[in-house]
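With the sequences and hints as input, model every part of the structure.
Chains as they are written, first to last, in our numbering: chain D, 1063 to 1175; chain G, 17 to 133.
Rather than coming from a laboratory, the hints here were simulated on the basis of the structure.
Careful: at least some of the hints might be erroneous.
[Unchecked claim] Simulated pairs of lysine-lysine, DSS-like, Cα-Cα distance not exceeding 27 Å:
| id | chain 1 | residue 1 | chain 2 | residue 2 |
| --- | --- | --- | --- | --- |
| 1 | D | 1099 | G | 57 |
| 2 | G | 82 | D | 1162 |
| 3 | D | 1162 | G | 80 |
| 4 | G | 80 | D | 1104 |
| 5 | G | 36 | D | 1104 |
[Stated by the list, open to error] Label-pair restraints from in silico Cβ distances:
| id | chain 1 | residue 1 | chain 2 | residue 2 | range |
| --- | --- | --- | --- | --- | --- |
| 6 | G | 69 | D | 1072 | 39 to 45 Å |
| 7 | G | 105 | D | 1072 | 20 to 26 Å |
| 8 | G | 116 | D | 1069 | 33 to 39 Å |
| 9 | D | 1107 | G | 105 | 22 to 28 Å |
| 10 | D | 1088 | G | 89 | 33 to 39 Å |
All values reported here derive from a predicted model rather than from experimental measurement.
Note that beta-carbon positions come from the ideal geometry of N, C-alpha and C, so glycine has one too.
Letter by letter, the chains look like this.
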Amino acid sequence: GENVEQHPSTLSVQEGDSAVIKCTYSDSASNYFPWYKQELGKGPQLIIDIRSNVGEKKDQRIAVTLNKTAKHFSLHITETQPEDSAVYFCAASWLTNAGKSTFGDGTTLTVKP
Amino acid sequence: GAVVSQHPSRVICKSGTSVKIECRSLDFQATTMFWYRQFPKQSLMLMATSNEGSKATYEQGVEKDKFLINHASLTLSTLTVTSAHPEDSSFYICSASPAGPGANVLTFGAGSRLTVL
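In structure tokens, the structure reads:
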């Protein structure tokens, strides 16, 4: 089955700096890679996703890159703000069955004001 | 956007009792919903796939008689933790996606924290 590894487990940055979270996956058949933000005591929220036919996707301060050959994808947050502090999860799945996603272990991001 | 409502958000029960958690898709129909369990500072673990009008599909190692899932309509799935014990204490989260375009996009509920005394 699919195995997703996520690094780092914790990340602390100063407000305004950039944050990068990296994930690798094992199943070359995976073609959908969402990123979720989970605030304390809440469910995850989709913040950005990328399909395997795209190498990069950007949405304002958030971007995701995908290297299919190396089977890794990364989340980039620029100009971080304190409200970006949360746990971030990457996931890998088939586009037609996103519910069966395999999740990374999460990265706790702390943005210091 | 798509909204999934989960209720209750917190529940405390005595050991041996059963607890029901509801997951509703408010503005779309979901033929499939998913139930997860999350331990503190850990990732989401898929427990089962809830299928409208049919039996749920459980992941390996999840006791189907312990965690009863019912998906009676296109907007409601329920998870019942039967004869709960302290080790069942956890954060339970559901998710759903609409049929057709956007089916790959999961919307999660806010989660239900179960504490079994």
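Hints, verified against the model:
1. A hinted pair counts as satisfied when its Cα atoms are at most 27 Å apart, and residue 1099 of chain D with residue 57 of chain G qualifies at roughly 14 Å.
2. Of the supplied pair hints, the one linking residue 82 of chain G and residue 1162 of chain D holds, its CA atoms being roughly 21 Å apart against a limit of 27 Å.
3. For the hint linking residue 1162 of chain D to residue 80 of chain G, the alpha-carbon distance of about 18 Å falls within 27 Å, and the restraint holds.
4. Straight-line distance between C-alpha atoms of residue 80 of chain G and residue 1104 of chain D comes to about 25 Å, which keeps the hinted pair within the 27 Å bound.
5. Straight-line distance between C-alpha atoms of residue 36 of chain G and residue 1104 of chain D comes to about 19 Å, which keeps the hinted pair within the 27 Å bound.
6. For residue 69 of chain G and residue 1072 of chain D, the hinted distance range of 39 to 45 Å is satisfied, since their beta carbons lie about 43 Å from each other.
7. A beta carbon spacing of about 25 Å between residue 105 of chain G and residue 1072 of chain D agrees with the range 20 to 26 Å that was offered as a hint.
8. Distance hint check for residue 116 of chain G and residue 1069 of chain D: the Cβ-Cβ separation is about 36 Å, which falls inside the suggested range of 33 to 39 Å.
9. Checked against the given bound of 22 to 28 Å, the beta carbons of residue 1107 of chain D and residue 105 of chain G, roughly 24 Å apart, stay inside it.
10. Taken as a hint, the range 33 to 39 Å holds for the pair residue 1088 of chain D and residue 89 of chain G, whose Cβ atoms sit roughly 37 Å apart.
The earlier numbered hints are all upheld by this structure, with none contradicted.
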